[in-house]
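Enquirer: One-letter residues, chain by chain:
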Amino acid sequence: MIRLVAERFDPGAALNRFSAGRMMTGAVASFLGIARGEAGQAVALELEAYPGFTEASISAFIEAAIDRFGLQDAEVIHRVGPIPPGDPIVLVLTAAAHRREAFEACDFLMDYLKSRAPFWKKEYGPRGWRWVEPTARDLADLERWRETEQT
Amino acid sequence: MTRVLLFGRLRDIAGWRERAFDPAPDRLSALKAMIRRADAALADALDEPGVQAAVDKAVVRGDAILRPGAEVAFLPPMSGG
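For the protein sequence lines, the chains are X and Y, in the order given. With our numbering applied, the first sequence has no gaps in its numbers, which climb one by one up to 151 at the end. With our numbering applied, the second sequence has no gaps in its numbers, which climb one by one up to 81 at the end.
Don't read these hints as lab results, they were simulated from the structure. Mixed in with the good hints, there may be bad ones.
Taking lysine-lysine and the DSS-like style, the derived pairs with C-alpha atoms no more than 25 Å apart in a straight line are [what the hints assert, rightly or not]:
hint, chain 1, residue 1, chain 2, residue 2
1, Y, Lys57, X, Lys122
2, Y, Lys57, X, Lys121
3, Y, Lys32, Y, Lys57
Stretches of chain Y that chain X covers, calculated by requiring three or more beta carbons in the stretch to come under 8 Å of a beta carbon on chain X [stated by the list, open to error]:
hint, stretch
4, 3-9
5, 73-79
Residues of chain Y clear of chain X, computed beta-carbon distances all greater than 10 Å [said to hold, decoys possible]:
hint, residue
6, Lys32
7, Lys57
8, Gly62
Idealized CB from N, CA, C, for every residue including glycine.
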């Protein structure tokens, strides 16, 4: 499941809800991304999504992760709009019978979300606001999974 | 009528986010020609490598046919979250 939210969300509540009542699950892994900024800065970054399109793309990737790692379930909550420093941006939750699959699927989903998910990001830097594109590091992180596929 | 949506830096270049084009163009190339007549800088930005077009929320390649009432979105390179 994917949820885009324009307001601050509670990662703890989401984790509790996701983990509740899972009798067949041995592991829930979570990753929480936080908006990194500078002191005194009102907005760390601004994320724009294309409603409908962005959710469909992320959903397809969640389904791919479920198949690839044999997950029982996965959920992504992603913040959109202006985001103050220190606020949660993204929460990825994965549920599996065993921890390895849960960890790896969480990592895989984050690499996709950071580099390929349909968001447009504006960051505030020394020369004011600018639109950013994926960093070489983000793309290299994504490449790790392609090499795994080939071996 | 064709609804056009712009994202990311395209929105800053155009100064708008959403606009209706009437009469509805029948192809993506016809829509781009209409845009070029109104705003050459925006039309140039739409032709830059890495800018994708989506028709009714599906990415298209080449000169897609547009149904009347179509929603066309122009998507600059996606940044990820």
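Enquirer: Against each hint, give a clear statement of whether it holds in the structure.
Expert: Here is how each hint holds up against the structure:
no.	hint	in the structure
1	Y:Lys57 x X:Lys122	holds (22 Å)
2	Y:Lys57 x X:Lys121	holds (20 Å)
3	Y:Lys32 x Y:Lys57	holds (18 Å)
4	3-9	holds (count 4)
5	73-79	holds (count 6)
6	Lys32	holds (19 Å)
7	Lys57	violated (5 Å)
8	Gly62	holds (19 Å)
Going down the numbered hints, you'll see the structure goes against just number 7.
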